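S.K.: If you read the protein sequences in the order shown, they are chains A and B. Under our numbering, the letters of the first sequence match residues 1 to 297, in that order. Under our numbering, the letters of the second sequence match residues 1 to 476, in that order.
Any given hint might turn out to be false.
[What the hints assert, rightly or not] Not everything, but these chain A residues come out facing chain B in the computed CB check (under 7 Å):
#, residue
1, 90
2, 114
3, 119
4, 120
5, 128
6, 131
7, 143
8, 144
9, 172
[Stated by the list, open to error] Simulated crosslink set (DSBU-like; lysine-lysine; CA at most 30 Å straight-line):
#, chain 1, residue 1, chain 2, residue 2
10, B, 65, A, 203
11, B, 285, B, 428
12, B, 294, B, 276
13, B, 307, B, 294
14, B, 428, B, 458
15, B, 65, B, 307
16, B, 428, B, 294
17, B, 16, B, 65
18, B, 16, B, 131
19, A, 240, A, 281
20, B, 131, A, 188
21, B, 285, A, 203
22, B, 462, A, 203
23, A, 192, A, 240
24, A, 63, A, 82
25, A, 203, B, 16
26, B, 124, B, 184
27, B, 355, B, 91
28, B, 199, B, 184
29, B, 131, B, 294
30, B, 13, A, 203
31, B, 285, B, 131
32, A, 126, B, 462
33, B, 462, A, 82
If you're looking for bench data, these hints aren't it; they were derived computationally from the structure. Being a predicted model, the structure only gives us computed values, none of them experimental. Ideal Cβ positions, reconstructed from N, Cα and C, are used throughout, including at glycine.
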Amino acid sequence: MAESPQVVKKAVKIVVPPVMQQNQAKAAEPSNPEKPQTIAPASYQKTKVVISSGPTTGNNGQKETVVELQGVSKIYGQYENKVYALNNASLKVLKGEFAAILGPSGSGKSTMLHMMGCLDRPTSGKVIINGRDMAAVTGAEVATFRGRNMGFVFQSYNIIPRLTVMENVMLPGIIAGYPRAELEARAKDLLKETGILHRADHKGVHLSGGEQQRVAIARAFINNPTIIFADEPTGALDTKSSDEIMGILKKMNEQHGVTVVIITHNPKQATDYVRRIIRIKDGQIVGDEVNVPKYAV
Amino acid sequence: MSVVSMMARGEIKDHKNIYAVIIIVIGLTMTSFMLANAYQQYMMQVVSDTTKTLLTSDVCVLADKQSIRSMYGTCPQLDNAQEIADEIAAKTGYKTAVRISGAGTYNYNNSGYDGALLQGIDLKCDPEIEKIKSYIIEGTWFDENVDYLNHHKGFKVDSGTIVGNYSIPYVGSVSYEQPNPNDKPYPIIMGKATADNHKIKLGTVLGMPVTVSSQGTSIASINVQVIGIYNSGLPALDGLVWFMPADCVREFKGYGNQTGTALDTFINAYSFEVNKNIGDVIIVKTPESNAIEKLDPISHANSIGSKVSDAVPGYTVYTWHDLIVYASGTMQDTITVMLWGTMAVTLILAGFAIKYVMDSIVMRKTREIGSLKAFGARDRTVLNIFLWQGAFIGVSSGILGIVLAIVVMNLVSWYGLSIGFVGGTQLKIDFVITELTLFASFAVPIGVSLIAASIPAKRAAKLSPVEALRVGELAL
Chain A
1 MAESPQVVKK
11 AVKIVVPPVM
21 QQNQAKAAEP
31 SNPEKPQTIA
41 PASYQKTKVV
51 ISSGPTTGNN
61 GQKETVVELQ
71 GVSKIYGQYE
81 NKVYALNNAS
91 LKVLKGEFAA
101 ILGPSGSGKS
111 TMLHMMGCLD
121 RPTSGKVIIN
131 GRDMAAVTGA
141 EVATFRGRNM
151 GFVFQSYNII
161 PRLTVMENVM
171 LPGIIAGYPR
181 AELEARAKDL
191 LKETGILHRA
201 DHKGVHLSGG
211 EQQRVAIARA
221 FINNPTIIFA
231 DEPTGALDTK
241 SSDEIMGILK
251 KMNEQHGVTV
261 VIITHNPKQA
271 TDYVRRIIRI
281 KDGQIVGDEV
291 NVPKYAV
Chain B
1 MSVVSMMARG
11 EIKDHKNIYA
21 VIIIVIGLTM
31 TSFMLANAYQ
41 QYMMQVVSDT
51 TKTLLTSDVC
61 VLADKQSIRS
71 MYGTCPQLDN
81 AQEIADEIAA
91 KTGYKTAVRI
101 SGAGTYNYNN
111 SGYDGALLQG
121 IDLKCDPEIE
131 KIKSYIIEGT
141 WFDENVDYLN
151 HHKGFKVDSG
161 TIVGNYSIPY
171 VGSVSYEQPN
181 PNDKPYPIIM
191 GKATADNHKI
201 KLGTVLGMPV
211 TVSSQGTSIA
221 SINVQVIGIY
231 NSGLPALDGL
241 VWFMPADCVR
251 EFKGYGNQTG
261 TALDTFINAY
271 SFEVNKNIGD
281 VIIVKTPESN
291 AIEKLDPISH
301 ANSIGSKVSD
311 AVPGYTVYTW
321 HDLIVYASGT
331 MQDTITVMLW
341 GTMAVTLILA
351 GFAIKYVMDS
361 IVMRKTREIG
371 SLKAFGARDR
381 TVLNIFLWQG
391 AFIGVSSGIL
401 GIVLAIVVMN
411 LVSWYGLSIG
421 FVGGTQLKID
431 FVITELTLFA
441 SFAVPIGVSL
451 IAASIPAKRA
461 AKLSPVEALR
471 VGELAL
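Based on the provided sequences and hints, a complete structural model is requested.
M.R.: Structure below.
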């Protein structure tokens, strides 16, 4: 089983990529020049684990485990047509981590994300989220749990084109049944953080790819989740937009303390931004290492 | 706004053109159904009301083994008709009355002959009096305090045996009675169709031979005077049925006893007293139908008929519906079935249209459905998004159909369309919207839309999030 990496405490020289420097300059212009810390409304705090900025530790000084896979396999087909999309994968993701699952196409990284995100059930093994074995949870409960505790960012953004940017961001919160006024306030904050507030009233269909992905990130954070899963979040973007999106994810991870797991097949992207790289090949975890990211927010 | 209504509204906006077409198609179907149904209900009401009022009330009772044709003046007399009527009333709680019928011919304006069915009405207890009175458009109803009787029978003439010359050696015999010269004419109220057709005015006196036996060989010639003209709305019956006080019919049909007092021995006229117990037909009136009985009036009529049959076994019982079927076959019932059938076929087609449109939406929006599920939407939420659209189509279609139908009905009423009859009378086209019609026009499109939408809705709800996201990616 791959163990969680130790926190690297040595001093690291943080290099901010040029694109992020420009964005930071823009972000400094709005009324809130300080860290755009989004505070969850009261209704969220009743039902959610409140996550403070930066890494957190449990009572015994260890970081809390948010997601744990125990010998998880996912098999498609039967008999001689059996295909192991995921083969006996074990993994722990800790609170506040910014991790990447890195592997070539078809290696099983999306399947692993689907398991961690409770979008699919494993053929064998256990998926434990926030200490809860998800095998014992019914489909409807899983849906509610997923909506309130997890955020998703997809490669193709999955913005609903007929809804406005604001409505798109609020959508998971509306599904979860949070009060509209609180959702609107939080959506505005998140849109400001992702630099897309000026297009809040535009329809999703009128946005560029980079803009749609910013909206998707804001949407993933609307329910103040414990963990964000991003499936190839920059896969459909040009280099400049990719850097912006990765920078935003990293910033959100550091400022909100939310665990972020991204999937990528781009090694450079992983080494540039994340603090942990999980390598996967043929459905098996072949590496799990601490990374010193090149860029900081 | 819930996620269900937000997403459903979005889908409706996205597909407003095809949804509008479906709504219009279903709405127009419901409009045509409602118009046809309301008009048919009106005609049914006119026919059944007229039939009931003029001839049968709700149920009529005749002598044993009589065909319904006997009601047209040739029914054998029931010597204890009033007793039977009282027995039915006692056992069922229904109102009853005795009627006496007669069939005769008359000469109008010396230009032709026509036939009439006389209905002798018990002026004190016939349950349809108020309804008949409401039909009167000229003249007056009979006055209970006036003695319309002549208190004797007419001068009887017997033809003796009629012998044929050729292959038919024996023809039969005819006996008939002539009115006495000083007799006052019996009062009648005739239909507008007859009056219009033959240009007969109030006060006109007509000579009329009437069949007074069930075999049709005894005839009484009487004089009648028109004191009123009625218009029931159904010229076919107005042209046939005349009303007369029951005792008048009893008198010239000989339902009573000759006292032996000779009034005029030369013309063989003797004093005569009618026997009020004798009659031809007993009519039965039931209380107003309740809402459930109104939904299926034919079954209700049959059940009343059975109840009356059970009360007085050994007599022939016909309901108002039997008479309508006798007169016009099952045309009305067939039209009803065809109306509902036409609506059903159109709505089934519309239902398929809804299903296929939503199927295509589910196919194109698979990724969106996957996203919603990833964001925490339950299966039921996704199901409701599509059912909401189905309900929207159904409610919109129902309202559109009803509103359009009401507009058209008002336009027809305002324009004053009417049906012309051969007799020259007109029946205004009108509509009767029953609770069932209104309910069906609103509820049926909703039901059809929901059923049609439930198939793709279930398919969408059952999609696993990961499959939906994957298929959605492929669809891109």
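S.K.: Taking only the CA atoms, is the gap from residue 462 of chain B to residue 82 of chain A under or equal to 30 Å?
M.R.: Within the cut-off at roughly 25 Å; holds.
S.K.: Going straight from one Cα to the other, do residue 199 of chain B and residue 184 of chain B come out at no more than 30 Å?
M.R.: Cα-Cα ~23 Å, so holds.
S.K.: At a threshold of 7 Å, is the proposed contact between residue 128 of chain A and chain B supported by beta-carbon distances?
M.R.: Status violated, d = 19 Å.
S.K.: Hinted pair, alpha-carbon criterion (30 Å max): residue 294 of chain B, residue 276 of chain B. Please report holds or violated.
M.R.: 35 Å, violated
S.K.: Holds or violated: are the alpha carbons of residue 355 of chain B and residue 91 of chain B at most 30 Å from each other?
M.R.: Roughly 56 Å between the alpha carbons, so the hint for residue 355 of chain B and residue 91 of chain B is violated.
S.K.: May I ask you to test the interface hint for residue 120 of chain A with respect to chain B, counting a Cβ-Cβ separation under 7 Å as satisfied?
M.R.: 4 Å, holds
S.K.: When you check the alpha-carbon spacing of residue 13 of chain B and residue 203 of chain A, does it fall within 30 Å?
M.R.: Within the cut-off at roughly 14 Å; holds.
S.K.: Taking 30 Å as the top limit, are the C-alpha atoms of residue 428 of chain B and residue 458 of chain B close enough?
M.R.: Violated, at roughly 50 Å.
S.K.: Next item in the hint list is residue 131 of chain A. Is there a CB on chain B closer than 7 Å to its CB?
M.R.: 20 Å, violated
S.K.: Hey, residue 126 of chain A versus residue 462 of chain B, does the alpha-carbon distance stay inside 30 Å?
M.R.: Distance ~24 Å between residue 126 of chain A and residue 462 of chain B Cα, so the pair holds.
S.K.: Regarding the pair residue 65 of chain B and residue 307 of chain B, is the alpha-carbon distance no greater than 30 Å?
M.R.: 18 Å, holds
S.K.: Is the straight-line distance between the alpha-carbon of residue 63 of chain A and that of residue 82 of chain A 30 Å or less?
M.R.: Answer violated: residue 63 of chain A to residue 82 of chain A is near 37 Å, above 30 Å.
Violated hints, listed in ascending order, are 1, 5, 6, 10, 12, 14, 17, 18, 20, 21, 24 and 27; each of the other numbered hints is respected by the structure.
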